[in-house]
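Engineer: Below are the chains, spelled out letter by letter.
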Amino acid sequence: MTAISMEGVSKYFDAGNTVANYRLDLEVADGEFVVLLGPSGCGKTTALRLIAGLERPSEGAIYFDGERVDDRSPSDRNVAMVFQNYALYPHMTVAGNIEYPLKVRGIPPDDRDDRLEEVTRLLHIEDQVGKSPAELSGGQRQRVALARAIVRQPSVFLLDEPLSNLDAKLRQEMRSELKRLQNELAITTVYVTHNQEEAMAMADTVVVMNRGTIRQIAPPGELYDRPRTGWVARFIGSPPMNLMDGTRRNGSVDLAEAGTVRFPGAPGNGDGTVSLGVRPEDLSVSAEPPPAGNAIEGVVDTVEPMGEYVLVNVTVGGRVVSAKVADTDLEREDRVFLTFEDDDAYLYDENGELIAPT
Amino acid sequence: MTRDTRTSTETAPEQRTDAGRYLPADAIPETAPSRETEWRTRLTEAVPTLPRLLKYVLAIGVALLWIVPFLGLFMASVRPLSEILQGWWNVERMTFTLENYRQAWSYSTAPMGRALLNTFVVTVPSVLVVLLLGAMAAYPFARFEFPLKTALFFLILLVMAAPPELVAMGNYNTLRNIGLFDSYMGLVLVHVGWGLGWVVLFLRNYLLGIPEELEEAARIDGASRYQIFRTIILPLSAPALVSVAVIQFTWVWNAFFFPLVFMRSPDLYLAPQVLPLMRGRLQVQWGLVAAGSVMTLAVPVILFMLLERYYKRGMVAAVTD
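Note that the protein sequences, when read in sequence, are chains X and G. Numbering follows the numbering used here, with no gaps: position 345 of the first sequence is 345. Numbering follows the numbering used here, with no gaps: position 162 of the second sequence is 520.
Do not rely on the hints blindly, as some may be mistaken.
What the hints assert, rightly or not - The calculated label-pair distances, taken between Cβ atoms and stated as ranges, are:
no.	chain 1	residue 1	chain 2	residue 2	range
1	G	Q585	X	P219	58 to 68 Å
2	X	S286	G	P391	29 to 39 Å
3	G	L491	X	D76	24 to 34 Å
4	X	G138	G	G528	52 to 62 Å
5	G	P391	X	P219	54 to 64 Å
6	X	K179	G	R400	57 to 67 Å
7	G	G471	X	G138	56 to 66 Å
To be verified - Far from chain G by the CB rule (all over 12 Å, computed), these chain X residues:
no.	residue
8	G106
9	L166
10	N210
11	R234
12	E281
13	S286
14	E341
Claimed, not checked - Short, incomplete list of chain X residues facing chain G, as computed with Cβ under 8 Å:
no.	residue
15	A52
16	L54
17	S58
18	G60
19	Y63
20	P74
21	V79
22	A80
23	F83
24	Y89
25	H91
26	P101
27	V104
28	R105
29	I107
It should be emphasised that the hints constitute simulated quantities derived from the structure, not laboratory data. Just so it is clear, CB atoms sit at the ideal spot from N, CA and C, and this is done for glycine as well.
Whenever a hint applies, use it, and build me the whole structure from the sequences.
Structural biologist: Encoded structure:
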């Protein structure tokens, strides 16, 4: 059982020409499930490899339970890792794959068999042990990779986009299974993904990364309720939050031809360029202007019937704003009004930092 | 909407929820339905068009051109000299005999049997040592970063570019000075050095194609560098190693120039050296030469056939990566 701590960790490649990670500060508590979330190329995999010991930090320090581990090899850190393409050894059977970490550590065959049996039962792959990895389906390979990782009872469990090679249905299944497994074993887990839905569903804490740095560390609920920057807001939710550029003046936001929105609650009285954010699920669409409250005017661009809800994309001042509604008769080119409660609006300043709600 | 197939077929189409618009699940065949065609149509479909026919003729012609000398060699080796002198292609009144083989095997000045054994003694270590050293040298070139990596690799490639005649002169003097001239040890060393160039290049290219993640997974699993090499890299490069073994074996086995330069004692002669000695004094003993040749080339050919499915995979992988 291990707590991980990264202090000012940076990683440069190509003799400093590529900055993969810049000054990461991260605390992972013992037994916590942390998800590193970000678009591809944001440095989340490098961060994971730094924790694993496959890369050495260019600057900064990494601690496991207060002990500095930068110079230790992956095996000394007792980490286990599941790779995106599983990295199963193709020339060994499933049993050979799962037993490999035990074998290279010189654990006697009898113990190995016991552990193999235990872990295959846990992951429901008892019937597959004699097969070669090439004979397995994607989901089964995934389970074998997981089995190989947990068989030697690691102190830290690292997963690099483990579900991205599975189809949608299987991904959902494995998602809940992974979460159950992590709860049962209570191993400190760091999980990398670019899929925000996966991150929200599994994490105790989500770490949102962009351009090699951490943008926000928060539990899923808080991340959704209070995205710290406009960039994070645009990354979380499906579809993500709508952000509309405007000018702040005397407690209201001027959205040019789309209208003006009152925003009395915001702190400070700084005027200037701002972004107004409203989540699609907080917007309602109507053909008539509302008698009171805030409204944004626009023209329907497309209507996407999703079954569970209808997504209405409305062009507002040159950019598309999405609204999730239960049902609609609207069609393309209809002139509409988007309304929302005052509490559901977010305000970001020109640097993308959150101004309101406080 | 799921219903089991039996119900869906037994229900009249108009009573089903889809009003019979879709195929029921049990109407899908397991295999493609057989195409019923007349033999006449099938025959016309099988006859090639004229340009295609010309290509076939050309291809078959070239193939024959390659095969004919081998056929002649084989025929000459199993017939008495008198028949060979009238042309091996005259098949009337052909006598089949293994006499040539028997005589060649124990030919007085240079018995083929001993020469073949000598060739084995030289070839086997030359192949095994090249395999081991080649794999050990190729792995760092494929995976590690070290100073002068590119320069050193270029140096190894240079060996491939040098003509054997050039190498032979220097090696002749060296072997004389260190007392390994006219010994198998010396010859094996020359073969190993000569072969390492292409072996390292070949194996390095193959190793580059092995996903690095497998090694990273093994590192995380706790394996040392040596354990990774032995339990992951070597088994995975088996196809490439077999290819290298087969090609190097053939090269060393058939080598004429190096033994000619470095082996002086007739007792130690190798098979390719012995063949020209079988001509005889008064008349060229075509039958003996042919039988000796067949015996010499049979060994690599058998090896090729035995290991075909392994080295094919190795070659393809080495080229595509």
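Engineer: Could you tell me which of the hints above the structure violates, numbers in ascending order?
Structural biologist: Failing hints, ascending: 1, 2, 8, 17, 18, 19 and 29.
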